[in-house]
Each structure stands twice: as structure tokens, then as C-alpha cells.
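**Student:** The primary structure of each chain is shown beneath.
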Amino acid sequence: MIEFHLHSRSGVAYYVQIAEQVRHAIRAGLLRPGDQLPTVREVVASVAVNPNTVLRAYRDLDREGLLTMRSGSGTFVAAPAAAAEEGALYAQLAGELRRWIATARRRGADERTLAALFDQVLHETTREVAT
Amino acid sequence: MTYALEAVGLGKRYHRTRALDGCSFRIEPGRVAALIGANGAGKSTLLHLAAGLLRPTEGTVTVLGRRPRDQAADPVVARVGFVAQDAPLYPHLTVAEHLRLGRRLNRRWDQATAEHRVQELAIPLDRRAGRLSGGQRTQVALTLALGKRPELILLDEPLASIDPLARRQFLRELMQATAAGGVTVMLSSHLVTDLERVCDHLVLLNAGRVQVAGDIEDLLDSHRLLVGPAAAGGLVLPGVTVVHRSVHARQTSLWVRGRPGPLPPAWQESALSLEELVLAYLAEPRAAIPTAGPLEAAS
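Quick note, the sequences are listed as chains A and B, same order.
Counting from 1, position 29 in the first sequence corresponds to residue 29 in my numbering; the numbering is continuous, with no gaps.
Counting from 1, position 281 in the second sequence corresponds to residue 281 in my numbering; the numbering is continuous, with no gaps.
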């Protein structure tokens with residue numbers, strides 16, 4: 001079972017934080033295929049968040065194939081295919097990002113600049129996708 | 001659709017003072033709505049009208065499909081839980097006596113759950129209400145309101161007089177009740193940060209008027225902060241409404257509704273937190289979001 005931690009000042013929507021924490025737990029092996037996630041009631045009882053926020057996060061992950069929501073019995077980590085795929089993709093992207101950061105550091109960029117640059121480019125591309 | 005709470009042109013006057021004026025909004029069942037506004041904005045008046053404790057001067061308020069005062073037809077008041085500010089209890093009665101009173105006054109009373117809640121919170125049943133802490137008092141008041149098995153629960157500044165730990169515990173309890181289903185919540189506060197994570201709907205009151213009402217995700221999605229140079233004369237933003245603007249020496253900040261297209265290179269765009277959104281509107285009392293879709297005229 002995992003415990004969620006929500007940050008109010010991060011600027012990241014709560015449902016996104018929950019979904020991200022589930023993804024992370026799957027990648028890190030803290031949650032394995034077949035494991036049950038805390039029920040919506042359990043989550044709201046521990047972190048005082050709107051139940052619809054938890055549902056939305058679970059539904060998004062269900063749509064992505066990472067979780068399976070079974071009405072009546074609960075929400076479970078999906079069969080390995082989707083989770084493994086997610087893990088492999090994550091490892092590959094992390095590798096690329098590591099190389100990019102190493103290059104940028106060698107050329108004198110500091111942490112703040114890198115974070116700001118990443119945010120800005122991410123934001124720009126998100127907008128391009130949206131329009 | 002039957003709304004849990006619907007106000008149409010709702011107004012309330014006390015003698016010559018206008019406490020509420022032309023308020024219109026709707027809350028769908030199952031929502032947790034934040035009623036935000038400065039002290040004196042009309043939050044308590046609005047909640048008292050919804051609870052059937054006051055009669056409107058103008059317009060209508062409909063609760064679970066009925067006017068709260070039409071008690072002869074259907075005692076809608078029995079389906080509404082109301083906790084007034086500072087959680088008033090009878091100081092000389094014990095917690096157990098309050099529960100007994102709740103059982104006697106409410107037909108749908110759920111004694112087992114009420115007792116269970118109080119025990120779980122480690123509140124002694126034989127303690128007189130006058131000797132409870134602020135947090136315990138608020139919890140007992142919430143227990144009494146939930147014990148009615150209400151379909152709508154109205155809470156007037158429930159967090160104002162309790163410490164952060166009790167606050168978190170109170171909100172956890174409230175969210176558990178919401179997750180169990182079948183209940184709509186409206187709670188008022190003059191602080192946004194307390195409500196941000198538990199509410200999915202916002203009603204912003206400013207000097208007796210509804211300035212913003214809607215789904216919080218939608219609101220955050222449709223507002224942006226744009227920061228750029230002060231010499232912004234040439235900036236044209238089609239499809240975007242400037243809610244609030246502030247200009248410092250060389251910098252302009254614009255709080256806007258609508259998604260701007262590509263911005264000139266010197267401009268930066270960012271999302272707003274709920275608090276920033278509320279503050280932007282409060283700074284501009286005349287800015288208001290047009291209500292989505294026409295509200296039906298009061299019948």
C-alpha cells in the first residue's frame with residue numbers, strides 16, 4: 001500500500017500529483033501488478049482531499065492501462081505489459097535527460113537555469129500540442 | 001437535473017443594508033463547494049438562506065429541488081445539515097446528551113455512526129460541551145450535522161477557530177463522509193488555502209454579489225498569469241479578458257481569463273493557483289465571470 005503526499009504550493013493539480021505518485025511507485029517497484037491501491041475513502045481519510053480528485057487520478061491511470069478499476073472490488077495495478085512498458089520508457093527517457101543535463105552542466109548552466117529552461121520548453125510544446 | 005443548491009437572483013436586505021444582491025449559481029449533487037469571500041461579504045447570510053433560517057428579500061434559493069421554507073409539503077430542512085459559525089453547542093450538556101438530542105429531533109438519525117465517530121476522535125461522551133476544545137466542539141457539531149444523514153451539509157466558517165491539526169482532521173472526516181456518497185457540501189471561509197484541496201467548486205462572494213462561480217478545475221484551466229514588459233501598448237490578446245493588471249516600473253502582470261495564443265518573446269505565461277485567482281477577482285470588484293448558460297427564471 002502506498003501513502004500519498006500532496007503539496008499545495010507546487011502549482012501541480014492534485015489529481016496530477018496523485019497519478020504521478022502512483023506511476024512513480026510502479027516504476028520503483030513499490031507497487032507490483034495485482035497490488036491493490038488504497039480506496040478513495042482511505043485516501044481522503046489520510047490526506048484530506050476531495051474524493052473526485054482521487055477518482056480522477058485513478059481513472060486517468062486506468063485509461064492509460066496502468067491500473068484496473070473493478071467496480072465493487074477496488075483498484076489494482078494492471079498486468080505487467082503496460083507497467084513494464086511504462087518502466088522501460090521511463091528508463092530510456094531518464095537516460096536521455098541525464099545525458100542532456102551532463103552536457104548542459106559541462107557548459108556552465110546551473111540547476112535553476114536548467115529547471116527554468118525545462119519548464120519553459122515543456123510549457124511551449126504543451127501549448128503547441130494543444131493548439 | 002435537480003441541483004443540490006440553486007440560487008436565482010437571490011437577494012437579502014436587512015433594513016437598508018443590502019447583504020446579498022442578485023446572486024445566481026448552481027451546485028450539482030456530490031460537489032464540495034467553497035464559499036469564499038471577505039468578512040462581511042454575505043457568506044453567512046447566504047448559508048442561512050439555504051438552511052431555511054432566513055427568508056430571501058428577492059429571488060429564490062432552491063435546496064434539493066425545493067424551497068427550504070416549504071416545510072408542509074416536504075421537510076427539506078430535515079435533509080440539510082447546518083453548522084453555524086463557532087459550532088454552537090449547549091455548554092452544560094454533555095456530548096452524549098447532544099447525541100440524544102439529535103436522535104430525538106431527527107427521524108433519520110444514525111446513532112451508531114454518530115457514537116462511533118465521537119469515540120474514534122477520542123472525545124469523551126460524558127464531557128460537557130463547554131469544556132471541549134475548539135477542535136472537539138467543531139467535530140461534535142459536524143457529528144450532529146452528519147448524524148441527520150443529510151443530503152446537503154452547510155458549514156459556516158468551520159475552520160476559523162481551530163488549530164491546523166484539528167483543521168486537517170476535520171477536513172479528513174468531512175471528505176470521508178463525502179466519499180461515502182450521497183452528500184453535497186458547501187463550506188465558507190475567508191481563507192482559500194484551507195479549502196483548496198477539498199473543494200471542487202467555487203462560489204466567490206464580493207460585497208454581496210457572486211463574482212465567480214464554477215468548477216475549480218475549469219476555472220484554473222481557463223485563467224493565466226502573463227508577465228512581460230511595462231511598455232505593453234502593442235500587446236493584442238484576442239479571445240482573452242484581462243481580469244486584473246498591475247504595472248511595476250518595467251514589468252506588467254496580467255491576470256487573464258481565456259487562453260492566449262503565442263506570446264511575444266518577452267512575455268511569460270503561467271498557471272494560477274486558486275488563491276491567486278481569487279485575489280485577482282477580489283482586487284477588481286467589477287470583474288465577474290458571466291454565468292455559463294442562462295439560468296431559468298424563477299417560477
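Since the hints were made in silico from the structure, they are not lab data.
Just so you know, these numbers come straight off a predicted model, no measurement behind them.
Watch out, some of these pointers could steer you wrong.
Here's a subset of chain B near chain A, in silico, CB distances under 10 Å, partners left out [as the list claims (entries may be wrong)]:
1. Arg131
2. Ser133
3. Ala271
Calculated from the model, a selection of chain A residues having no Cβ within reach of chain B, i.e. all distances over 12 Å [unchecked claim]:
4. Tyr15
5. Val43
6. Ala79
Where is the CB? At the ideal position from N, CA and C, for every residue including glycine.
**Student:** Confirm or reject each hint.
**Tutor:** Verification of the hints:
1. Arg131: 27 Å, violated
2. Ser133: Violated - the Cβ of B/Ser133 stays beyond 10 Å from chain A, reaching only about 19 Å at its closest.
3. Ala271: 6 Å, holds
4. Tyr15: At about 8 Å from chain B, A/Tyr15 fails to clear the 12 Å cut-off, so the statement is violated.
5. Val43: At about 8 Å from chain B, A/Val43 fails to clear the 12 Å cut-off, so the statement is violated.
6. Ala79: Answer for A/Ala79: holds, closest chain B Cβ roughly 27 Å.
Of the numbered hints given earlier, the model fails hints 1, 2, 4, 5; all others are met.
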